[in-house]
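S.K.: Residue-level listing of the chains:
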Amino acid sequence: MATDRNRELPMMKLLQPAITYLQELARDAIAGWNRFWFTPADPINLAVIRIITGFILLHTHLATLPDLLDFIGPRAWIDSQALAELQSTSVGMGNSGPDAWPGGEQSIWFYIQDPRWIWALHVLFLIAAVCFTLGIFSRMASVIVWAGHLSYIQRGIVIIYGMDSVLAMLTLYLMFAPIGTELSLDRWWRRRRTPDAAAGNDEAKKSVAANVVLRALQLHLCLIYLFSGLSKLAGGAWWNGTAVYTALMIPEATLFDMAWMARRDWLWLVLSNAGSFATLALELGFPIFVWHRRLRPLMLASAIAMQVGLGLLLSLGAFQAAMFAALCAFFPPQALRRWSAEP
Amino acid sequence: MKPQPPGATRGIFGWIQGLVSVVLLWHFMGLFIAAVAPPMPGFAPSALISGIYERLFRRPLEFLGLTNPHRYYAPGISPFTQAWFRATLADGAVRWMELPGPRNPILPARCQRRFGIAMALQSSTAALPQDPGTQVLTPSGRLLASSYARHVAVELGRASASPVVEVQVYQVVHRIRLPQEVQRGWPATDLRLYAPRYLGTFSADGRATSARDDAPLRAPNIPMSLFAATILREDAWPAGKQASGSTLHLPTPIAHLLKRIPALAKPQDAAGLRQRLVQSVESLDAPAPPRSVEEW
Numbered sequence: 001m002a003t004d005r006n007r008e009l010p011m012m013k014l015l016q017p018a019i020t021y022l023q024e025l026a027r028d029a030i031a032g033w034n035r036f037w038f039t040p041a042d043p044i045n046l047a048v049i050r051i052i053t054g055f056i057l058l059h060t061h062l063a064t065l066p067d068l069l070d071f072i073g074p075r076a077w078i079d080s081q082a083l084a085e086l087q088s089t090s091v092g093m094g095n096s097g098p099d100a101w102p103g104g105e106q107s108i109w110f111y112i113q114d115p116r117w118i119w120a121l122h123v124l125f126l127i128a129a130v131c132f133t134l135g136i137f138s139r140m141a142s143v144i145v146w147a148g149h150l151s152y153i154q155r156g157i158v159i160i161y162g163m164d165s166v167l168a169m170l171t172l173y174l175m176f177a178p179i180g181t182e183l184s185l186d187r188w189w190r191r192r193r194t195p196d197a198a199a200g201n202d203e204a205k206k207s208v209a210a211n212v213v214l215r216a217l218q219l220h221l222c223l224i225y226l227f228s229g230l231s232k233l234a235g236g237a238w239w240n241g242t243a244v245y246t247a248l249m250i251p252e253a254t255l256f257d258m259a260w261m262a263r264r265d266w267l268w269l270v271l272s273n274a275g276s277f278a279t280l281a282l283e284l285g286f287p288i289f290v291w292h293r294r295l296r297p298l299m300l301a302s303a304i305a306m307q308v309g310l311g312l313l314l315s316l317g318a319f320q321a322a323m324f325a326a327l328c329a330f331f332p333p334q335a336l337r338r339w340s341a342e343p
Numbered sequence: 001m002k003p004q005p006p007g008a009t010r011g012i013f014g015w016i017q018g019l020v021s022v023v024l025l026w027h028f029m030g031l032f033i034a035a036v037a038p039p040m041p042g043f044a045p046s047a048l049i050s051g052i053y054e055r056l057f058r059r060p061l062e063f064l065g066l067t068n069p070h071r072y073y074a075p076g077i078s079p080f081t082q083a084w085f086r087a088t089l090a091d092g093a094v095r096w097m098e099l100p101g102p103r104n105p106i107l108p109a110r111c112q113r114r115f116g117i118a119m120a121l122q123s124s125t126a127a128l129p130q131d132p133g134t135q136v137l138t139p140s141g142r143l144l145a146s147s148y149a150r151h152v153a154v155e156l157g158r159a160s161a162s163p164v165v166e167v168q169v170y171q172v173v174h175r176i177r178l179p180q181e182v183q184r185g186w187p188a189t190d191l192r193l194y195a196p197r198y199l200g201t202f203s204a205d206g207r208a209t210s211a212r213d214d215a216p217l218r219a220p221n222i223p224m225s226l227f228a229a230t231i232l233r234e235d236a237w238p239a240g241k242q243a244s245g246s247t248l249h250l251p252t253p254i255a256h257l258l259k260r261i262p263a264l265a266k267p268q269d270a271a272g273l274r275q276r277l278v279q280s281v282e283s284l285d286a287p288a289p290p291r292s293v294e295e296w
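Residue numbers (my numbering), protein chains in the order written: chain A, 1 to 343; chain B, 1 to 296.
No lab work stands behind these hints, which were simulated from the structure alone.
Using N, Cα and C, we set each Cβ at its ideal position, and we do this for glycine too.
Misleading hints may appear alongside valid ones.
Pair ranges (Cβ atoms, derived) [unchecked claim]: (1) A:ALA305 <-> B:PRO41: 54 to 60 angstroms; (2) A:GLN334 <-> B:GLY51: 22 to 28 angstroms; (3) B:SER283 <-> A:ALA120: 55 to 61 angstroms.
A few chain A residues facing chain B, derived, Cβ under 7 angstroms [to be verified]: (4) THR64; (5) TRP77; (6) VAL158; (7) SER228; (8) ASN240; (9) ALA243; (10) GLU252.
Next up, chain A with everything else stripped away, as it sits in the complex (with noise of 0.2 angstroms):
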């Protein structure tokens, strides 16, 4: 027994630092973790992302109204015939192979067929995204808003694209965070009947509540940026630099004639390889370099103008529109206040 232990002595010596680095590295990284989620952040940031998703709805369910019953009506191009065939057969709805469908999951729109019923229920859902903008009741309208929205693009099917999941993201995380407590009608109704109570220090103001859904849009947002640089990398055109014309000269997927630039050999040669390079360092550098303080502005005012660009260039609906909400969630929040005037 006694040469057992004088024989693990040592061992334990010689492990001792490595146990130690491990215990600290757990130390640190939990600490690490809790500093990240649960400190207490400031919820204007939050207030911002909520009135622009609010927006954005609004615009896609507006422009999309005289479609209504195209797209989720009994007859509808996936009409209540061909949606009754997707959900009991094999083809269907939550099958994994390859003649799968994409959404479809659930929504409140299999279970009403009657027109009346559809508009009806569609009005009262415009209502709460108006609510959720203004920021009137804003939990609960951030509730049906997000119920409302996914119930639609899963019972469309079709009709889902990028921007979707976008605000799928946006709603879901707002939905647990004070979104009405700053630039809403609730706050400015809350101060007219208590204003000593409504008059808090700016840290007062801060919520764990605000941080944890913040860090959550920040890191699915780096995530997106990630995987879509990363996509992009097994593409042929991404690496021969012609991505940037060719998605350009897609004529439906653009909001003007960009055939000038096919004219001169040099010139789209220029602009494609610039645009289709630039456009991988950032979406590859930006998960990166957005969390260092320093590069944190540089990154973001690419992101924005990398958004903005392809929003004057591509009709891609309000995709740009919902990418730039979610990168307000980076945005310093005494900017925010000061440009919003909010004390």
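Given the structure of chain A, go ahead and fit chain B onto it with the hints provided.
M.R.: For chain B alone, coordinates are given in the frame of chain A:
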């Protein structure tokens, strides 16, 4: 008392923090796996990742609408797919309808949604296992085409005096112009940029009339010159002056062709029409720009 680091909490709030931490870890692990699980062209996904995604994350993330792998314009940029429909009314008249229809710079969201409807046809066909050269509609493709045909029958029937009795469905790939083609003056709607595929003929109630219910629905490619010549001969010329353009709603490239070459709108000898059509379109091309020494 020992000072606590920022964010650290004890007691009930500590437990809540722990629970929230587990949920967050789980959520972001799911998002990460959802992004890497779908196959990339030319690369098989990891069997382990696919299994984890399928068993643990797919259903909850689908419920939340968060399964997007964020491959925007990646890995490659594919041409857009349009959907064209040729509806025959009970009185014998013909109406065309196309998705997404005219571009709307004011309301791009509307256009984008209609695009999704057309783009869903992209994966509607597959090679027949016993004859890889023959494309047929997949079960979901058949379901989709049938539903679209019913919708078109209702929509066009509502706008016409006579009900729709039959709808032909086409999936049309609109290729992107190469710089050389732009330099030779090809417009974005040049016929040579379109590749139609016939997806079947359906009755107004969505029943496939071009094949038996249990038979595979063949989906052949149609050369655009043949397609355009057939439309001219069977739809545009019989419709005559009254019906040309406005009520017939010809597909955009055919309507643009008739604007560029008005002579084609007038009925003429059907024999050799396809050849004349090709020559007419090619006659509009600007001469090829001089090539550099390196290209020789």
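S.K.: Indicate, hint by hint, whether the structure satisfies it.
M.R.: The hints, checked one at a time:
{"no.": "1", "hint": "A:ALA305 <-> B:PRO41: 54 to 60 angstroms", "in the structure": "violated (30 angstroms)"}
{"no.": "2", "hint": "A:GLN334 <-> B:GLY51: 22 to 28 angstroms", "in the structure": "violated (47 angstroms)"}
{"no.": "3", "hint": "B:SER283 <-> A:ALA120: 55 to 61 angstroms", "in the structure": "holds (58 angstroms)"}
{"no.": "4", "hint": "THR64", "in the structure": "holds (5 angstroms)"}
{"no.": "5", "hint": "TRP77", "in the structure": "holds (5 angstroms)"}
{"no.": "6", "hint": "VAL158", "in the structure": "holds (4 angstroms)"}
{"no.": "7", "hint": "SER228", "in the structure": "holds (5 angstroms)"}
{"no.": "8", "hint": "ASN240", "in the structure": "violated (11 angstroms)"}
{"no.": "9", "hint": "ALA243", "in the structure": "holds (6 angstroms)"}
{"no.": "10", "hint": "GLU252", "in the structure": "holds (5 angstroms)"}
Hint compliance for this structure: hints 1, 2 and 8 are broken, all remaining hints hold.
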